[in-house]
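Taking the hints into account, I'd like the entire structure generated from these sequences.
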Amino acid sequence: DAKTTQPPSMDCAEGRAANLPCNHSTISGNEYVYWYRQIHSQGPQYIIHGLKNNETNEMASLIITEDRKSSTLILPHATLRDTAVYYCIVRPNFGNEKLTFGTGTRLTIIP
Amino acid sequence: SQTIHQWPATLVQPVGSPLSLECTVEGTSNPNLYWYRQAAGRGLQLLFYSVGIGQISSEVPQNLSASRPQDRQFILSSKKLLLSDSGFYLCAWSVTLGETQYFGPGTRLLVL
Chain A
2 DAKTTQPPSM
12 DCAEGRAANL
22 PCNHSTISGN
32 EYVYWYRQIH
42 SQGPQYIIHG
52 LKNNETNEMA
62 SLIITEDRKS
72 STLILPHATL
82 RDTAVYYCIV
92 RPNFGNEKLT
102 FGTGTRLTII
112 P
Chain X
3 SQTIHQWPAT
13 LVQPVGSPLS
23 LECTVEGTSN
33 PNLYWYRQAA
43 GRGLQLLFYS
53 VGIGQISSEV
63 PQNLSASRPQ
73 DRQFILSSKK
83 LLLSDSGFYL
93 CAWSVTLGET
103 QYFGPGTRLL
113 VL
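For the record, the sequence lines run as chains A and X. Each residue of the first sequence is one higher than the one before, counting from 2 in the numbering used here. Each residue of the second sequence is one higher than the one before, counting from 3 in the numbering used here.
It is possible that some hints are incorrect.
[To be verified] Here are the computed lysine-lysine pairs in the DSS-like style, where the Cα-Cα straight-line distance is at most 30 Å: (1) A:K99 <-> A:K53; (2) A:K99 <-> X:K81; (3) A:K99 <-> X:K82; (4) A:K4 <-> A:K99; (5) A:K53 <-> A:K70; (6) A:K53 <-> A:K4.
[To be verified] To be clear about the criterion: a stretch of chain X counts as covered by chain A if any three or more of its residues have a C-beta under 8 Å from a C-beta of chain A, and this derived list gives those stretches: (7) 46-55; (8) 106-114.
Don't read these hints as lab results, they were simulated from the structure. All C-beta atoms, glycine included, are put in the ideal place defined by N, C-alpha and C.
The following block contains the structure:
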């Protein structure tokens, strides 16, 4: 039961902003949008999460549409080390400990 | 700052042999701890989670078991490994239930 839809792959030029979209049209009011990434053969790395408002941290920005049915993760100045699979997840903040990763978006940063 | 360790990093074991994977967290007290398995092409599967010493919740009944002998130590075990136990085993922690989960580096297990 996939709750999010992401493009399977994307390329981005080094130094440019990488914009990764995610659709979550069936998101519930108590569900947060989380983003993780996984570099080959490493554990997933938490990036950012949000509920309704846009969020920014030292790694990325998260833009959530007003109807909350989609979001975009923005890496403002992509580097080669940002090449990874990016996962968009929706989960409530209580009552479900399971993180369900879909197939994600394989982002390749081009030199 | 908090750090999470897993060992070994890689393990090759014969079918029928026992298993013990260890996870420890530093820099926090009374974390919630999680064991996931990531098999090729099958996404992330939550196996167990623990809210405290000796408290284990199993998400999927199978060949594996978990224990939490100390506050910041989480162990994944098996008495007899199956071929289907091969995969990438990830430990994670969170401050409390429902909060952000942070993953360790993982253990890659190959059962032959």
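Consistency of the hints with the structure:
1. For a cut-off of 30 Å, the pair hint linking K99 (chain A) to K53 (chain A) stands: about 21 Å separates their Cα positions.
2. Of the pairs offered as hints, the one joining K99 (chain A) and K81 (chain X) holds, with about 25 Å between alpha carbons and a cut-off of 30 Å not exceeded.
3. With a C-alpha separation of about 26 Å, the suggested pairing of K99 (chain A) with K82 (chain X) holds against the 30 Å cut-off.
4. With a C-alpha separation of about 13 Å, the suggested pair K4 (chain A) and K99 (chain A) falls inside the 30 Å cut-off, and the hint holds.
5. Straight-line distance between C-alpha atoms of K53 (chain A) and K70 (chain A) comes to about 10 Å, which keeps the hinted pair within the 30 Å bound.
6. The hinted pair formed by K53 (chain A) and K4 (chain A) meets the criterion: a straight-line CA distance of about 17 Å does not exceed 30 Å.
7. Under a criterion of three residues with beta carbons nearer than 8 Å to beta carbons of chain A, the stated coverage of the segment 46-55 of chain X is upheld, 3 such residues being counted.
8. Only when three residues or more bring their CB closer than 8 Å to a CB of chain A does the claim for the segment 106-114 of chain X stand; here the count is 4, and the claim holds.
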